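In order, the protein sequences belong to chains G and F.
Start counting the first sequence at 1; every next residue gets the next number (the numbering used here).
Start counting the second sequence at 1001; every next residue gets the next number (the numbering used here).
In short, the hints are calculated from the structure, not lab data.
Please read these numbers as outputs of a predicted model, since none were measured by experiment.
Just so you know, even glycine gets a beta-carbon here, dropped at the ideal spot from N, CA and C.
Each hint should be verified, as a subset may be incorrect.
To be verified - Computed list of lysine to aspartate or glutamate pairs in EDC-like fashion (alpha-carbon distance at most 20 Å, straight line): (1) K310(G) with D1159(F); (2) K1099(F) with E1084(F); (3) K1185(F) with E202(G); (4) K1142(F) with E1097(F); (5) K1105(F) with E202(G); (6) K298(G) with D1162(F); (7) K1187(F) with D1216(F); (8) K1259(F) with D1248(F); (9) K1187(F) with D1235(F); (10) K310(G) with E1149(F); (11) K1231(F) with E1253(F); (12) K310(G) with D1162(F); (13) K1264(F) with E1253(F); (14) K1099(F) with E202(G); (15) K1185(F) with E1084(F); (16) K1231(F) with E1044(F); (17) K1264(F) with D1248(F); (18) K1187(F) with E202(G); (19) K310(G) with E1147(F); (20) K298(G) with D197(G); (21) K1269(F) with D1248(F); (22) K1034(F) with E1072(F); (23) K1105(F) with E1150(F); (24) K1264(F) with E1232(F); (25) K1185(F) with E1201(F); (26) K1099(F) with D109(G); (27) K1185(F) with E1149(F); (28) K1142(F) with E70(G); (29) K1105(F) with E1072(F); (30) K1024(F) with D1042(F); (31) K1185(F) with D1216(F); (32) K1211(F) with E1150(F); (33) K1231(F) with D1248(F).
Claimed, not checked - Per the computed footprint, the stretches of chain F lying under chain G, defined by three or more beta-carbons under 8 Å from a beta-carbon of chain G, are: (34) 1098 to 1104; (35) 1107 to 1121; (36) 1141 to 1155; (37) 1159 to 1170.
What the hints assert, rightly or not - According to the in silico footprint, chain G covers these stretches of chain F (three or more CB under 8 Å from chain G): (38) 1124 to 1131; (39) 1180 to 1189.
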Amino acid sequence: MESSDQYDGQVAPAESGLPAPAAARPESIKAVPIRHWGRWISAAIVVYLMAALVYSFITNSNVEWPTVWEYLFAPLTLRGLALTIELTVISMIIGAAGGVLLAVMRLSDNPVLSGIAWVYIWFFRGTPVYVQIILWANLGVFYPKLIAGLPFTGIVFGSTDSGTLVSRIIVPAILALGLNEAAYAAELVRAGIISVDAGQNEAALSLGMSPTLTMRRVVLPQAMRVIIPTFGNETISMLKTTSLIAAIGGLEMFGRLQAVYSQTFQIIPLLVVACIWYLFLTSLLTVSQARLEAYFGKGFGEKEAEAAEKRAARRAARTHA
Amino acid sequence: MPDDSGHIVAPTGAEVSAGQPMVKAEQVWKSFGKLDVLKGVDLEVMPQQTYVLLGPSGGGKSTLLRCINHLELINAGRLWVGGELMGYRQKGAVLHEMKARDVAKQRSHVGMVFQRFNLFPHMTAIENVMEAPIRVQHVSRKQAEAEAEELLRRVGLGDKLDTYPAQLSGGQQQRVAIARALAMKPKLMLFDEPTSALDPELVGEVLDVMKQLAVDGMTMVVVTHEIGFAKEVADGVALMDGGVIVEDGPPLEVLVNPKEERTKLFLSKVLA
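Start from the sequences, fold in the hints, and give me the full structure.
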């Protein structure tokens, strides 16, 4: 890239070659490895017992495998599955956005903001999500009308009937799951932010970066390394928590299967169907979590060549533009 | 663009009118709770001077440095950088606190180098250097990249542009940190024990860069334990202990023929 006298005009000396060893590298040590007999024996016992368990499960006539197959890809299951995924995704988006907002508020030196965040987290973490789901669904009972206006002045911009608003099950479901998740996410984002070295904040501030810019460009990207594993955990948890909306007649996957087995009494096979799908989805989530972790682990293992390449590509794109 | 004279930066101080100090502290007090860390510090650093603060740990050197760019708020006294009061606006006899955005603007003219480098670990060397010019000064990416490359080359890291901090030695990281601060074209550079976290072998490469900066006419306030650097480069030296400046003056007076017993004691321990 540069000529041999590339160190011209430089202050620091170039790194010199390392001293040579006295002899060529000798052959590596050959030794008899330790035999882990205990491990082999215990593994054999575990495999034997697991095989027996799986065999007994597969051959158990009470599982009714034909029924499992019948429902596994039934339109009813798949429609429910779609709602399960939709609820999980939307609730987690609300949860993540709300969580970052609440965490930043909570850490703010503005006592009003941090107070609001504290009360929010206190309420939504302090009541069961099951209760929250039912409360939102019954919004119409204690606030029949939702009015937008200035309190105490009689000025009204508009109003809506809350009964109609929450009559579509998905509305109270998303409200309950998303707002509840935001409270939990806020705490884990806050933990992530606190984990970033205080020197990072100072370095950014000393460069003239504003507190907001510092948060966005320096602190949050590093906090993500800590947040992602726990957030993945939260997503998996949310996937399963969506099954609670069966309580308000929500027709996500488990709700639908439950509705069927309460009529047909095919309880075990339909529970097996639900488990298979939940396991499949959590496996997908585990894989994408690993990808995200690798992305936010930047600077903690990424190859130098890769970074150089990316920058060269960007530069090329600019000169062409 | 590059001249091969070995300069790292162009001289600073042009924006301060002649005879005006770049840094002026007047009876600065700073306390953390009940503990007074600075107890009436007076300081004057003229443009293009290198001023070295020496003294034992806990003497208030680092705190003074952090007050100069408003990372810490002073409790009493006045502190100016380039003739501007830091962190406050004076209307008549009344001081008004500055908004975060205005403080950030003031800080962008003052570079700071930390003992523990504090590079952004999720950015490569060149990204570290480009970040503030692009986001704070809104320099074009192309220009920022060219300037960053040149700066890194001048501190001897032309072959480490795309390396992440974790893969650099301490001395290399500190040189990136210096380049990062210089990228904002500061009128003043603050160094907070820049070589204290380095292996002895790597101290030289960082001091060399700082010496070159001094030659280039950068105004610098340096907290360090490197007496040799102070003797060779400094225009002024102050010994701080117990939150006050015990003795100050030209390096050959303070370091070779100190008047105060405290200075003699300190030097005898450091040079032993």
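Do the hints match the structure? See the list:
For the suggested pair K310(G) and D1159(F), the alpha carbons sit about 16 Å apart, so the restraint of at most 20 Å is met. Of the pairs offered as hints, the one joining K1099(F) and E1084(F) holds, with about 15 Å between alpha carbons and a cut-off of 20 Å not exceeded. Under the criterion of a C-alpha separation no larger than 20 Å, the hint pairing K1185(F) with E202(G) is consistent with the structure, at around 18 Å. For the proposed pair K1142(F) and E1097(F), the alpha carbon gap of about 37 Å is over 20 Å, so the pair is violated.
With a CA separation close to 15 Å, the supplied pair K1105(F) and E202(G) stays within the 20 Å bound. Restraint check for K298(G) and D1162(F): the C-alpha separation of about 12 Å stays at or below 20 Å, so the hint holds. A distance of roughly 12 Å separates the Cα atoms of K1187(F) and D1216(F); the hinted pair therefore holds under the 20 Å criterion. Simply put, K1259(F) and D1248(F) have alpha-carbon atoms about 10 Å apart, close enough for the 20 Å limit, and the pair holds.
Restraint check: the Cα-Cα separation between K1187(F) and D1235(F) comes to about 17 Å, which is no more than 20 Å; the hinted pair holds. Under the criterion of a C-alpha separation no larger than 20 Å, the hint pairing K310(G) with E1149(F) is consistent with the structure, at around 16 Å. Of the supplied pair hints, the one linking K1231(F) and E1253(F) holds, its CA atoms being roughly 10 Å apart against a limit of 20 Å. The hinted pair formed by K310(G) and D1162(F) meets the criterion: a straight-line CA distance of about 10 Å does not exceed 20 Å.
At roughly 12 Å between alpha-carbon atoms, K1264(F) and E1253(F) fall within 20 Å of each other, so this suggested pair holds. Straight-line distance between C-alpha atoms of K1099(F) and E202(G) comes to about 17 Å, which keeps the hinted pair within the 20 Å bound. Among the hinted pairs, K1185(F) with E1084(F) is consistent with the structure: their alpha-carbon atoms are about 17 Å apart, no more than 20 Å. At most 20 Å may separate the alpha-carbon atoms for a hinted pair to count; K1231(F) and E1044(F) meet this at roughly 19 Å.
Among the hinted pairs, K1264(F) with D1248(F) is consistent with the structure: their alpha-carbon atoms are about 13 Å apart, no more than 20 Å. With a CA separation close to 19 Å, the supplied pair K1187(F) and E202(G) stays within the 20 Å bound. About 19 Å separates the Cα atoms of K310(G) and E1147(F), which keeps this hinted pair within 20 Å; it holds. For the given pair, K298(G) sits about 17 Å from D197(G) by alpha-carbon distance, which is consistent with the 20 Å threshold.
Restraint check for K1269(F) and D1248(F): the C-alpha separation of about 18 Å stays at or below 20 Å, so the hint holds. The straight-line distance between the Cα atoms of K1034(F) and E1072(F) is roughly 16 Å, inside the 20 Å bound, and the hint therefore holds. Of the pairs offered as hints, the one joining K1105(F) and E1150(F) is violated, with about 25 Å between alpha carbons and a cut-off of 20 Å exceeded. For the proposed pair K1264(F) and E1232(F), the alpha carbon gap of about 19 Å is at most 20 Å, so the pair holds.
Between the alpha carbons of K1185(F) and E1201(F) the distance comes to roughly 29 Å, so the proposed pair goes past 20 Å and is violated. For a cut-off of 20 Å, the pair hint linking K1099(F) to D109(G) stands: about 13 Å separates their Cα positions. Annotation: proposed proximity of K1185(F) to E1149(F) holds, straight-line Cα distance about 15 Å (limit 20 Å). This hinted pair does not check out: K1142(F) and E70(G) have alpha carbons roughly 61 Å apart, beyond 20 Å.
As the CA atoms of K1105(F) and E1072(F) are separated by approximately 16 Å, the hinted pair is consistent with the 20 Å bound. Taking the CA atoms of K1024(F) and D1042(F), the gap is near 7 Å; set against the 20 Å cutoff, the hint holds. Only pairs whose Cα atoms come within 20 Å are accepted, and K1185(F) paired with D1216(F) is accepted, the gap being roughly 13 Å. About 18 Å separates the Cα atoms of K1211(F) and E1150(F), which keeps this hinted pair within 20 Å; it holds.
A hinted pair counts as satisfied when its Cα atoms are at most 20 Å apart, and K1231(F) with D1248(F) qualifies at roughly 13 Å. For the stretch 1098 to 1104 of chain F, the stated coverage by chain G holds: 3 residues have a C-beta nearer than 8 Å to a C-beta of that chain, and at least 3 were required. Coverage of a stretch by a chain is defined here by at least three residues with a beta carbon nearer than 8 Å to that chain's beta carbons; for the stretch 1107 to 1121 of chain F and chain G the count is 12, and the condition holds. Evaluation of the coverage hint for the stretch 1141 to 1155 of chain F: fulfilled, as 6 residues show C-beta separations to chain G shorter than 8 Å, against a requirement of three.
Only when three residues or more bring their CB closer than 8 Å to a CB of chain G does the claim for the stretch 1159 to 1170 of chain F stand; here the count is 8, and the claim holds. Given a C-beta distance limit of less than 8 Å, the hint that chain G covers the stretch 1124 to 1131 of chain F holds, as 3 residues qualify and 3 suffice. Taking a C-beta to C-beta cut-off of 8 Å, the stretch 1180 to 1189 of chain F contributes 3 residues in contact with chain G, enough for the three needed, and the coverage statement holds.
Figure legend: structure checked against the earlier numbered hints; hints not met, in rising order: 4, 23, 25 and 28.
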